[in-house]
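Student: Letter by letter, the chains look like this.
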Amino acid sequence: MNQATPPAWAEEILRVLLPPRDRDSVGGDLIEGYRERIELSPRKAAADLWYVRQVAGFAYRSVGVWAFAFAALFVARGVVDALIATDDFTVRSTISTVLAATVWACCGATVAWRTGLIRSGALAGILTATVAPLVTVTLNALFYGVVVLTGSDQIFVNIARSGGIEEGFTLPFFVVGPGIVLAAIGGVFGATARRIQSIVRPPRML
Amino acid sequence: MAIVRLRKEAYGRAIHREVEERLGRSVAAGAVHATLQRLERKNLVTSELGEGAEIRAGRPRRFYSLQPSARLALNDARAHIEKLWNGFEWPLKGRI
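So the protein lines, in turn, are chains Z and B.
First residue of the first sequence? That's 1 in our numbering, and the numbers climb one at a time after it.
First residue of the second sequence? That's 1001 in our numbering, and the numbers climb one at a time after it.
Bear in mind the hints are in silico, worked out from the structure with no lab data behind them.
There's no promise every hint is true.
Simulated crosslink set (SDA-like; lysine to any residue; CA at most 20 Å straight-line) [what the hints assert, rightly or not]:
1) B/Lys-1008 - B/Ser-1026
2) Z/Lys-44 - B/Glu-1054
3) B/Lys-1008 - B/Lys-1083
4) B/Lys-1008 - B/Asn-1043
5) B/Lys-1008 - B/Leu-1044
6) Z/Lys-44 - B/Ile-1055
7) B/Lys-1083 - B/Arg-1071
8) B/Lys-1042 - Z/Arg-114
9) B/Lys-1042 - B/Ser-1026
10) B/Lys-1042 - Z/Arg-21
11) B/Lys-1042 - Z/Lys-44
12) Z/Lys-44 - Z/Glu-11
13) B/Lys-1008 - B/Glu-1018
14) Z/Lys-44 - Z/Ala-4
15) B/Lys-1042 - B/Ala-1057
16) Z/Lys-44 - B/Ala-1057
17) B/Lys-1008 - B/Glu-1040
18) B/Lys-1042 - B/Leu-1072
19) B/Lys-1008 - B/Glu-1048
20) Z/Lys-44 - B/Ser-1026
21) B/Lys-1008 - B/Ser-1069
Bound-form chain Z, shown alone (with noise of 0.2 Å):
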């Protein structure tokens, strides 16, 4: 029976992202499906690249949803810019800045919530920083493609306004990081919410 192990870094993230009652077990799965895959074929990076791939899956279905709704606020933002003129961004700005530090804050809220751990809402907040601005970026690069097949003098106006198309691309990467300190923030309210219920109405464990 081989010893191997997975790499100890993608078991923590793994950790950290399951609730207490699958920690050891869901933990115990991957190990067997690791080490099975070693005594197939004793390549180890395989083996490696086979568990870090099932903790990424495990990881998009924590936060790939809130990373989504980043994008989408963003691109939703630059849409209205683009198509209704105005000299005043205020209420667009606080409009669409409180709605973006709710997603972050939600995104590690409820993470943590589940896990019960404060640091899974800053590791939540990290694995939604690394994909929220690709998927946006992404999106971006449609709309504006779309713009400059389709759209008018004015639209190009409306977007030079608003910040220029340059900033499609530059911004999302600039908010990551009170993106993750948001996600932090939310991870210590939904880990503490979890506590105070654990208490108020202890869970059954089986």
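Using the hints provided, position chain B relative to the given structure of chain Z.
Tutor: Relative to chain Z, chain B alone:
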């Protein structure tokens, strides 16, 4: 279906392996886990922790078993599929 086939041996990794073998392609462990969780929330399956094993670094297995409502749901699903296929010869041949 994997739980029905595996009976007493229906735990996470075994179900994952069974699904991959039946479908003939790789399936994400997260997808299997999410499905099992959903079935459990709907009270179609129940689970309990079992013993660990060396290949799992001593970590426990979570064994799943079907509730009677799941058997009814499986029978219903099979009946509906058969109704949809009723009147066709399998496999389909020629232009449709």
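Student: Take the hints in turn and mark each one as holding or not.
Tutor: Hints, one by one, checked against the model:
A threshold of 20 Å between alpha carbons decides the hint, and for B/Lys-1008 with B/Ser-1026 the separation of about 24 Å lies outside it, so the pair is violated. About 19 Å separates the Cα atoms of Z/Lys-44 and B/Glu-1054, which keeps this hinted pair within 20 Å; it holds. For the proposed pair B/Lys-1008 and B/Lys-1083, the alpha carbon gap of about 31 Å is over 20 Å, so the pair is violated. As the CA atoms of B/Lys-1008 and B/Asn-1043 are separated by approximately 18 Å, the hinted pair is consistent with the 20 Å bound.
Annotation: proposed proximity of B/Lys-1008 to B/Leu-1044 holds, straight-line Cα distance about 16 Å (limit 20 Å). For the hint linking Z/Lys-44 to B/Ile-1055, the alpha-carbon distance of about 16 Å falls within 20 Å, and the restraint holds. Distance hint between B/Lys-1083 and B/Arg-1071 is fulfilled; the C-alpha atoms sit about 18 Å from each other, no more than 20 Å. The hinted pair formed by B/Lys-1042 and Z/Arg-114 meets the criterion: a straight-line CA distance of about 18 Å does not exceed 20 Å.
With a CA separation close to 26 Å, the supplied pair B/Lys-1042 and B/Ser-1026 exceeds the 20 Å bound. For the hint pairing B/Lys-1042 with Z/Arg-21, the CA-to-CA distance comes to about 17 Å; that is within 20 Å, so the pair holds. Taken as a hint, the B/Lys-1042 and Z/Lys-44 pair is broken in the structure, with Cα atoms around 39 Å apart against an allowance of 20 Å. A distance of roughly 15 Å separates the Cα atoms of Z/Lys-44 and Z/Glu-11; the hinted pair therefore holds under the 20 Å criterion.
Straight-line distance between C-alpha atoms of B/Lys-1008 and B/Glu-1018 comes to about 14 Å, which keeps the hinted pair within the 20 Å bound. The straight-line distance between the Cα atoms of Z/Lys-44 and Z/Ala-4 is roughly 8 Å, inside the 20 Å bound, and the hint therefore holds. Proximity of B/Lys-1042 to B/Ala-1057 is assessed by CA-CA distance (about 31 Å); at most 20 Å being required, the pair is judged violated. About 17 Å separates the Cα atoms of Z/Lys-44 and B/Ala-1057, which keeps this hinted pair within 20 Å; it holds.
Simply put, B/Lys-1008 and B/Glu-1040 have alpha-carbon atoms about 17 Å apart, close enough for the 20 Å limit, and the pair holds. The straight-line distance between the Cα atoms of B/Lys-1042 and B/Leu-1072 is roughly 13 Å, inside the 20 Å bound, and the hint therefore holds. Taking the CA atoms of B/Lys-1008 and B/Glu-1048, the gap is near 12 Å; set against the 20 Å cutoff, the hint holds. In summary, the hint linking Z/Lys-44 to B/Ser-1026 is supported, as the alpha carbons are separated by about 19 Å, within the 20 Å threshold.
Taken as a hint, the B/Lys-1008 and B/Ser-1069 pair is honoured in the structure, with Cα atoms around 18 Å apart against an allowance of 20 Å.
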